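Participant: So the sequences go chain by chain: A and B.
Just so you know, we're using our numbering here: the first sequence kicks off at 12 and counts up by one.
Just so you know, we're using our numbering here: the second sequence kicks off at 55 and counts up by one.
Calculated directly from the structure, the hints in this document are not laboratory data.
These figures come from a predicted structure and were not determined experimentally.
Be aware that a few hints might be false.
[As the list claims (entries may be wrong)] Pairs of lysine-lysine residues, derived as DSS-like cross-links and limited to a Cα-Cα distance of at most 27 Å, are as follows:
1. A:K132 - A:K313
2. B:K151 - A:K313
3. A:K132 - B:K329
4. A:K264 - A:K313
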Amino acid sequence: MESRPLVVVGAGVSGTAAAIEAARAGVQVTLIDENPVPASMAALNVPQFFGQRFNAVLHDSALMLRRVAAANEALAEAEEAGVDVQIGTCVWGAFRNSDTSRILDGPQLGLADRDQSWLMKYDRLIVAAGARDLGVAFAGWNSAGAMGANGAHALMHHYQALTSRRMVVVGTGNLGLNTARMALGRGIEIAAVVDVADSVRGDRALSAALQNRGVKLYTSHTVREAVGRDGEIETVVLVEIDDCREPVSGTEKVITADTVCLAIGLVPNVELLSLLGCDLAFEPELGGHVPVHDDCMRTSVKDVLVAGDAAGFHDGMVLDTEIARNQGRLAGIAAAESLGAIDTAEATARRSDLQVTAIDSGPTDAYLNWIRWLRALLNAGGSEVPVCPCEEVTRADLIGLRPPRFLKWESERRDGRSLGTLAPDAPVNPDQVKRLTRAGMGHCQGRLCREQVALLLAEASGSDIAEMPLMSYRPPARPLPLRVLWSHEESDQVRREWAKWFSPTSPVMG
Amino acid sequence: MPAESADVVVIGAGVSGLSSAYFLARAGRDVVVVDKGIVGGEASGRNGGMVSERVDEPLLIPMAVEATELWATLDEELGHPTEFVQEGRLQVAVTEKDMGDLLAERDVAMRHGIDAALVEPSEIRDMIPGITERTLGGLFFPNGGHANTQLTVQAYAWALQDLGGRLYQNTTVTGLRIVDDRVTSVETTAGAIAADVVVGAAGPQTGLLAELAGVHVPVAPARVEILATAPVEPRFPIALVGNGLYGHQAVRGNLIFGGGAHEWTDVDLTTSPGKPNTPLIRNIARRLAELLPGAADAPVIRSWAGVVEQAPDYRPIIDILDYPSNYVVVTASAHGFGISPATGKVVSELVLHGESSIDIRGLGLNRFADYGPDWREKRGWIPSPLRY
C-alpha cells in the first residue's frame, strides 16, 4: 500500500494553499480532488446538488480534466511547488484503529477514480473538503432543474456545463447574490432572487449591482412550488409571507424558469472527519456540526488537520477567500512542523504574517436563517412535500414515522404511532427515524435531506437540535459502483480468514 | 423515571429481548425493558435480516422451524410491518467444497423433514437475475426469507407497548441486587426496578451483565460489516447465500450483503461499542460483484458495522439458571434475528412454566461449565492484529 507524508483532500482555495505552504516547507505533498466527478455520480446529486442541469460534456473525462485544471490556477502553482496533484480522484473512506477495530497498520484513506479504488496511508491529513449544498424542500424540488448554489458554481466555473437558461435563486446573502452574478456573467437570465427575510441579506454593493442589471429581488417571499411537464421545472410560484411566515393568498407570482437554485446555506463536508473520530461540535453560525480545531487548524485527532469551508462555513467566506486561504496556510504550516520539516521557530515565523482571526465580515447565525426558510417553505408548501427526494418520504411521513409507502401497510395500531409517541421513549435519534422511514437512505446518501430532517425532527419533538445526535456518516462517502469499490489486492490472510466465519463448518453466517 | 417494579425486567432492547418481552406481555405479564441505548440500536437493528431453518446447525432446527412459521403472520400479530418476504432462501455453490457442503446440508434437511431442493445452474440464473455463470449448483429452501431489521425491532417494541409493556431507553443497568438465590431488583441509572424474573438479553454485553450476578456466560464479541447498494433492477425476492456472502435484495431494491473476515473485539457494559468501518467493504464489494456480475455497476451507498457475540460453539444460549434461580440468559451467537419469534416464545414459556414446548436441548449454559475466565485466550478469540 502506498504511504504519503501529507495528503490534502480538496483542491479548493484552502486545500491548494495548504499544499503549497507545506510543499514550500519541504514536505512531500499529495493533493487530491474529486473534480471532475463522473456524470453517473453527478446524476445522483453527489457531491453537490447538480439538479440534472448539466450537459453531456460531463461524460468526456479527458475534456473535463482539462477544464477543471484550467479553471483552477492554484493547481499549476501547486505543481510548480512540487505537489503531486491527483484530480478526478475521490476520497470515499478514512480508516483508523479504534477500541473495536485494530486490524489496520496505520491510518489510511480509501480513494477511487472512475475505474478502480485503492488505499493510501498517510502520516498527516489535511481535510479541505469544502461544503455541500443545503437542501430544503419545496413542492417540485424533486424535478430536474432544482439545484444548489455549489452545484451551480461547479457546473459554471469548473465544468462549463450548466444548461440552465432562466434561473430563480432562492436565498440572498452573499451565497445567493454571488450565484446570481456568476450566472448573469454566463448569459443565464436571473428571473428572481427570493428571500424570506424582509430585507436583502448580504453585500450591499453586490445587491445594488444586480438590481442595476434589472434583477428582481423579492424579500418577504418564499417558494410555493415549482411545476412543469415530464419532471422538468418550467415555472416557479412565489408567494409573499407575513410576519408569521404564513403565505398571503392572492400574492402569488408565477415566474417562468427552468431552474431553481437553492442558496440558503452550505454544510461543511465533515464525513471523513466523522469517520476518523474527530470531535465535532454544533456551531449554528458555521453550518452545523463542524470539527473542533485549534488556532493552527489541528483537530482532536492528532494526525488530522482541517481548513476552509470544511472547518465551518459562513456567508462572509463567499466574497472573502482570504479566510479559507489563511486557514489552509495555517494547516500546511502545522503539518510541516509536526512532520519535522520546519522547526517551531520557523513555523511561528511563518504563522506570524497570517491573520488567525481573518473573519472580517462577522458570522451570522446560519441556522436561524435555515429555520426561517424551513418554516416559510413548510407553511407555503404543506406537509405532503417530499423531504427526502430519493426515497420519496414526505414531511408527513417523517413526522408520522410512516413505514415506506411501497409496503402499503395499514393498521389502526400503526396509525397510533408517530414521532410524538417515539419521543417520550427516548430523545429523538435521526438514525432511528431514518431506518424506520427511509428518509436519508437514498442514493444521494442523505446529502439533500439530513439537515432538514434534523430540523424537522427537532421542531416536531421540541428537542434542542444541538443535543440531537448527528445522523451517522458511513463509508463509502461517495456512491461507488461495486466494480469500482472491488478490492484488487485482497491479501492471502483475508482469503484464508474469510472462510472462518462464525461456524465450524459453514463459511458464512445466514 | 422507570417503574419501581415489574413481573419481568428484560435487559436489552435488541431483537431477542424485545421478542421475549412481547411474548411475556401477551401472556399477561407486566414487563419492563431497559436498554442503555435505543431500540435495536446495535446489531439487532442492522444485520442481514436473514430468516432460515438453520439446517447448517441441526440443534437449532426446532426453534428455527417454529420461527419461520411465526414469521409468516408476524406483521399481523404485531400490528406493525416487518417487511418480511418469504420467497425462499437459496444457497449457491461456486466451488467444489461449497457443493459438498450443500449436498451435506440437503441430507440434513431430508433427515429433519425440511423442504430443500437441489437446483441446477440454469434454474439459479432464472431465480437470481444477473448471477454469475460460474455456480455449480444450489440448494433452495422455500420457507426461508428476509425482513427489515429496524422495522422488525421497532414492531416488537411498539407491539409490546400496545400491550402495556414499558420501555426505558438510554437507561443503563449498573447492578443486579441478589438476595438469597434470586435477583430481586435491577439497578439502573434511572433507579432500581424490583423484579420477579430478570431476562438478560444484552447481546455482546451478555457476559459482562451476567458477571453482575456472579455468573460466567462465555461469549466473545466480534465486529462484522455489511454493505448496501442503491436500488437495482431486476429484482429477486429470494434470500441468497454464496461466494462467502449472505444477503438479500430489500423490497425497495437495495442489495444488502455481508460476510467476511470478522474481528474479535471487546466491549464494556455501560457504553455502546464504536462502529468503525474498515476497508473490508471493498472485499465484500468484490465478492458481491463476483456473485452478481449483473449488478456490478450498482453503487454502494452505505455500510454498517456492528458488534455481535459468539458462544464457544457458535450456538445460542437460552436457559433459566439454577443460580440466580430467576435469571434467564438469552444470547443468540449472531443468529438471533431470524429465530427471534421463537426466542420470544421459548423465553416466555421458560418464565411461565419453567420449560419450553420447543426443543432447546443443547442450548443450556451448563454445557460451558468447564469454561474458565481465560477461555477466550485459550481459544484465540481475542483482539489481535490482522492485516489486509
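Participant: Each hint: holds or not?
Facilitator: Structure-based check of each hint:
1. Simply put, A:K132 and A:K313 have alpha-carbon atoms about 15 Å apart, close enough for the 27 Å limit, and the pair holds.
2. A threshold of 27 Å between alpha carbons decides the hint, and for B:K151 with A:K313 the separation of about 47 Å lies outside it, so the pair is violated.
3. With a C-alpha separation of about 21 Å, the suggested pair A:K132 and B:K329 falls inside the 27 Å cut-off, and the hint holds.
4. For a cut-off of 27 Å, the pair hint linking A:K264 to A:K313 is broken: about 54 Å separates their Cα positions.
Comparing the model with each earlier hint shows violations of hints 2, 4; every other hint is respected.
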